[in-house]
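From these two lone chains plus the hints, build me the complex, please.
Sequence lines, in order, name chains A and B. Under our numbering, the first residue of the first sequence carries the number 1, and numbering increases by one thereafter. Under our numbering, the first residue of the second sequence carries the number 1, and numbering increases by one thereafter.
Take these hints with a grain of salt, some might be off.
Per the computed footprint, the stretches of chain B lying under chain A, defined by three or more beta-carbons under 8 Å from a beta-carbon of chain A, are [claimed, not checked]:
(1) 4-10
(2) 291-297
Taking lysine-lysine pairs in the DSSO-like style, the calculated list, with each CA pair at most 30 Å apart, reads [unchecked claim]:
(3) K132/B - K71/B
(4) K224/B - K71/B
(5) K147/B - K227/B
(6) K124/B - K155/B
(7) K176/B - K147/B
(8) K146/A - K9/B
(9) K134/A - K5/B
(10) K147/B - K172/B
(11) K9/B - K134/A
(12) K129/B - K71/B
(13) K125/B - K172/B
(14) K146/A - K129/B
Hints are computed from structural coordinates only; laboratory data are not their basis. Glycine included, every Cβ here is placed at the ideal spot set by N, Cα and C.
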Amino acid sequence: MALELKYLKSKKQMDFKKKFIEIRDIYKSYRRGNLIIPVLENISFDIVEGEFLALMGPSGSGKSTLLNLIAGIDKPDSGVISIQGVDITTLSETELAHWRASNVGFIFQFYNLIPVLTAFENIELPLLLTGLSKQERHEHVILALKIVNLEDRMHHFPGQLSGGQQQRVAIARAFVTDPTILVADEPTGDLDRVSAEDVLELMTRLNFELGKTIIMVTHDPKAAKKARQIQYLEKGIMHAHPQIDV
Amino acid sequence: MLILKLMFKNAFRSKLRSTLTILGLTLAIIAFGFLRTVVEAWYAGVEASSASRLVTRNAISLIFPLPIAYKEKIRQIEGVEMVSYGQWFGGIYIDQKNFFANFAIEPESYLKLYPEYIIQDEHKKAFMKDRKGAVVGQKLVERFGWKIGDNITLKGTIYPGNWEFILLGIYKGKDKTTDESQFFFHWDYLNENLKKTAPSRADHAGFYLVGVKDPRFAVPVSEKIDKQFKNSLAETLTETERAFQLSFIYMTEAILVVIQIVSLIVILIILAVVANTMAMSVRERLPEFAVLKSLGVGGWRISLLIFGESLVITSIGCILGILLTFPAAKAFAAEMSNYFPVFIITQETIYLDIAISFLIGIIAAIFPTIRAIRVQIAESLMRVR
Ligand SMILES: Nc1ncnc2c1ncn2[C@@H]1O[C@H](COP(=O)(O)OP(=O)(O)OP(=O)(O)O)[C@@H](O)[C@H]1O
Ligand SMILES: [Mg+2]
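Chain B with its partners taken away, still in its complex shape (with noise of 0.2 Å):
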C-alpha cells in the first residue's frame, strides 16, 4: 500500500510538469479519437451498404445517365431479386451552404429494397399515394424544424426551376450508421415535368439498385448485366453497393491516408513528451532510488514504482481524454452534419485510446526504470547532494 501510496504521490511531485503532460495527452487522445472518426464516418456509408444490393450506372461516368427501359431488362436477369432507380437530383433548400443530399426515386420497390429505413405505415401510405410527397430522415428534418405537411420548395440546379414538395414521411435508421439526411421524392414527379419542358432528358434513370437472391452471386449477377448491356448505347458499370461507395472514398484515399499519418505522428508527439517528463522525473530522483537500494529495494519494486508513475500520468490523461472526446465530438457533429451524417464516436476508438495510452506509459517507462535501477548507491549518495 505504501508502495502505491509513493507511486501516486511521485506521479504529482512536480505538479506543473505532470499537469501539463497530462493536459497534452487529454488532447491528443482527443486529436486521436476525432481523426479516427472522420475517417470512420467518411466509411460510414459503406458500413451502412450491403453487399447484396447493386449499383448500375452508366459505364461512362455517372453524371451520364441509363434509359428507364434497361429495368425490366435488368430484372429478368437471372438471380435479380428486384430493381428500382434513382437519380441525383441536386435541388438546393433556400442557400447553398445549407447542402444535403436529394434523389428522384421509384418509391415502392427503394424502400423495399432499403428496410434499413423506417418509416410510420401510415406516413408510408400517405407518401406513395402523392405525387409531390417526399420522405426525409429524421436528422434532416430536425436540422430544419420541419414537421408532417410542411411545404418545401427546393430549387433545382441539374434541373431548373422551383420544386414544391409536401413533407409526407420521415425515416429512422434501424442503426447509428444509416444516414439520417437524405430527401427522398417521387421519380414521376420530375420525369412528368421533364416530359413537359425538356423531353429528351426524360425516361432517364441515373442508377438502378438491383436486389440480388443471394448476396454470394453478387458478383457474377453484376457481370451478367454489364454483359447485357455491352455494345449497347449506353453501356452500363455494376458493382456492390459497398464497391459503389468506397469508389467515392478511394479519390479521397490521399487526404484519409494524411489524417491516419497525423494521427500516428500526434500519438508518438505525445509518446515523447510523457518519456521525457518520466526521464525528468527519475534524473531528478536517482538519489531516491538509490536510498530504496540501499534498504534492499529491489529491481521489480523500483519497477513498479516507476511503471506506476507513468501509468498514472497516461491514466488520468487517457480517461480526461475520452470524456471530453464525446461533447467534442457532439459540437462538431451538430457543426458539421452536411458533410459528416453519421459522426460517432465507436466503442473500438475508446478501446484504441485506452491501448494507446497503455502502451505509451510502459514505453515512457522503460529507459527511466532501467536506469534507476542501475544506480550505484555508493557514488549517487555518498558524493553528491
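The following block holds chain A by itself, in its conformation from the complex (with noise of 0.2 Å):
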C-alpha cells in the first residue's frame, strides 16, 4: 500500500544527527491588563527527526505554550523555530495555516473528534484537504485504522467509543496525512490507567515502526519514560534532569 511505503521510507532515509527541529532563542510572555508575564525566557534547544521526547514540568511553567509555538499556533515574541529549514516565525497566518495542514498531526487532551461524524469520517477530515481521490482517502483511513487496531469500529460515532478508543481515532486523525511532526498536549491526561497504556504503546509504535517525530507535553512520568528523551521546563528554563521532584 502506497502509504505503507512511504511510511517505511521516511524511516530508511532518517537521520538521526540531523538537525530536524531548532529553537534559539526563544522569547515568550503574556499580557495581563498591565502585567507582563515572562513564560519562556531564552529557551534554544533542537530536537533530530525520529525524536520522540517528552515535556515535563510543573504546572504553569509554560509546556503548553512552547508546544503551539513549534506546532504554529502560536507566536514567541522573539526568537527563531526553524523546522526543517522553515523559519515558522516569519510566515504569515495563511502561510502558517498551510504549513500546519501539511506538518503538523494534533493530539489534545480531549480527543475534539466531531461528535456528528463516524471513526471514519473522522480520519478522513484531513485529508479532504489534500486532493487524494475517494478511493485513496479510503485507502489511507483504512490503513490508519489498522494500525490503531480500530478497524472494527470505524462506524461509530465518538460518543459510542471509549475515552482511549476515541484518542486513539484522534491519533489516527493525527498521523493519517503524514505529517512532520506529532504534537500531543497531555494525551493520557483524561484516560484511565489501561486506556492510557494503549495510546502510548500506540505513539511509540508510530514512533518506533513509522518514524513519525513527536513531541509530548505530559504530567504522567510513567508517560515521559516511553519516549527517548524527557526534558523538563521549569520556570521558563530548559534543563535535561528535573530541578526539582515532578
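What follows is the structure, encoded as C-alpha cells:
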C-alpha cells in the first residue's frame, strides 16, 4: 500500500544526527492587563528527526505554550523556530495555516473529535484538504484504522467509543496525512491507566515503526518514560534533568 | 461531500432548537405571504381595472347621482367611444352578512365595456331580453348554490322594498384578478319602479362608465367631460377606472401601511431568531472549529459550513412555509370571499418568500462565521474543555 511504503521509506531515510527542529533564543510572555508575565525565557534546543520527546514540568511552567509555538498555532516574542529549514516565526497567518495542514498532526487531551461524524469520517476529514481521490482517501483511512487497531469500530460515532478508543481515533486523524511532526498535549491526561497504556503504546509504535517525530507534553512520569528523551521545563528554562521532584 | 454531510448534520445538532427555529420561520413565511396577499387583494380591483375606461361621477360625492341626460352629452365628446352607466343598488340577500356588490346597469353597453366578463352567448341573449334578469359572477353563484332560472330576492336599502330577479346569466373572469362576486341587473328595471314609487329619484345614474378610443388620451378626455358639466347643476368628476379604484384604496392606505410595517417586523423578528440560533450553535462548537483549523481547514470552508448550516435551516422553514401558505390562504379566501373576492398567492410573493429566507440565512451566518474563523486554536483547545 502506498502509504505504508512511504512510511517505511521515511524511516529508512531518517538521519538522527541531522538537525530537524532548531529552536533558538525563544522568548514568550503574556500580557494580562498592565502586567507582563514572562513564560519562556531564552529557550534553545534541537530536536532530531525521529525523536520522541517528552516535555515535563510543573503546571504553569509553559509546556503548552512551547508546544503551541512549535506547532505553529502561536508566535514567540522573539527567537527562531526552524523546522526542516523553514523559520515558521516569519510566516504569515495564511502561510502558517498551510504549513500546519501538511506538517503538523495534533493530538489533544480531550480528543476533540467531531461528534456527528463516524470514526472513519473523523479520520478522513484532514484528507479532504489533500486532493487525494475518494479511493485513495479510503485506503489511507483504513490503513490508519488498522494501525490504531479500530477497524471494527470505524462506523461508530465518538459517543459510542471509550475515551481510549476516541483518543486512538484522534491519533489516527493526526497521522493520516503523514505530517512532519506529531504534537500531543497531555494525550493521556483524561484516560484511565489501561487506556493510557494503549495510547502510549500506539505512540511508541508510530515513533519506532513509522519513524514519526513526536513531541508530547505530559505530567505522567510513566508516560514520559516511553519517550526517547525527556526534557524538563521549569521557571521558563529547559533542563535535561528535573530541578525539583516532579 | 463530507463537508456537505457535516453541514446538514450540524443543522440538527440541537434538534429542539433547530425545529423551533424552522417552525418560527415557517410561521413567519406564512404570515408574510398572507399580509402581502391581503395588500394585493386590496389592490386587485385596481389591477383588474382598465386604463381605457373612465368613471364619471358627481363631483360632490359618489352618493349623489347624475341625470341620465348626461349620457348623450358625454357620448358626443371627442375621443369617447362608448358610454354606459350604472347605479350602486346596495341590496341585501336574506341577511346583512351575505354582503356582495350589486349594481343596476345598462346591460348592452356595460357588458361591451367589460370584455373580461365572459358569458355564454345564449345566457347573454336571455339576460338582455328579460328586464328582471340578472347576471352574476361564478364565485357568487357557487357561494349561494344558485342555478340558472332561480328566483332571487334582494331587500333594498337605498331603494326600499323587495326586488325580484331571475338568474339568467353567469359570468366568469377572463383572468384571476377579475372580480367574480358581483351581481348585475337592468337599470331599466330599477328606473321603471322608481318612476312609479319615487319619481324624483328616477332617471338618474350613480356613475357613467366611459370607454375611450385611445387610452393615451384618457386624461384629456376626462378633462373635457368635466369641463362640459362645469357650472351645471351637477358637476362631474371623471377619472380613469384605475384612479377611481385607487381613491377607494387611498382611504385605507393607512391600514395598508400598517400591514406592510407589520410584515417587516415579522421578518426582522425571525431574522433575530435565526441569528440567535446560529450564534448559539457556533459558540457551543468553537472548539470544533478550532480543531478544523488545526487540521488546516481554511476560512472559506468554515464559512461554507456555517452559511450552509444557516441556509439549511432557513430553506426548510421557507419550503414548509410556502407549502402551508396555499391551504391557509384557501381556507381564508373561502371564509372571507365577500371582502376579498380575489385572494390569490402570487408568484411574486413566493419569490419574495424565497429571497427573504435566503437573505435571513446569509445575514444570520455572518457574525458567527467571523467568530469561528477568528477562533484561536491554542486558547480554545489547549485550555478549556
Ligand atoms: N493566553 C494566555 N493569556 C495569558 N496568560 C497565559 C496564556 N496562556 C498561558 N498563559 C500563562 O502562561 C503560563 C504558562 O502556561 P502553559 O499553559 O504553557 O503552562 P503548562 O506548563 O502547560 O501548564 P499545565 O501543566 O497546567 O498545562 C501560565 O502562567 C499561564 O497562566
Ligand atoms: Mg498545558
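Taking the hints in turn, this is what the structure says about them:
Here's how the region 4-10 of chain B fares: 4 of its residues keep a CB closer than 8 Å to some CB of chain A, so the rule of at least three is met and the hint holds. Counting residues of the region 291-297 of chain B whose beta carbon lies closer than 8 Å to any beta carbon of chain A gives 7, which meets the minimum of three for the stated coverage. Restraint check for K132/B and K71/B: the C-alpha separation of about 23 Å stays at or below 30 Å, so the hint holds. About 14 Å separates the Cα atoms of K224/B and K71/B, which keeps this hinted pair within 30 Å; it holds.
At most 30 Å may separate the alpha-carbon atoms for a hinted pair to count; K147/B and K227/B exceed this at roughly 46 Å. For the suggested pair K124/B and K155/B, the alpha carbons sit about 25 Å apart, so the restraint of at most 30 Å is met. For a cut-off of 30 Å, the pair hint linking K176/B to K147/B stands: about 22 Å separates their Cα positions. Proposed proximity of K146/A and K9/B is supported: the alpha carbons are some 27 Å apart, at most 30 Å.
Restraint check for K134/A and K5/B: satisfied, since their Cα atoms lie roughly 15 Å apart, inside the 30 Å limit. As the CA atoms of K147/B and K172/B are separated by approximately 14 Å, the hinted pair is consistent with the 30 Å bound. For the hint linking K9/B to K134/A, the alpha-carbon distance of about 21 Å falls within 30 Å, and the restraint holds. A hinted pair counts as satisfied when its Cα atoms are at most 30 Å apart, and K129/B with K71/B qualifies at roughly 22 Å.
With a CA separation close to 16 Å, the supplied pair K125/B and K172/B stays within the 30 Å bound. Using a Cα cut-off of 30 Å, the hinted pair K146/A and K129/B is violated, with the two alpha carbons roughly 95 Å apart.
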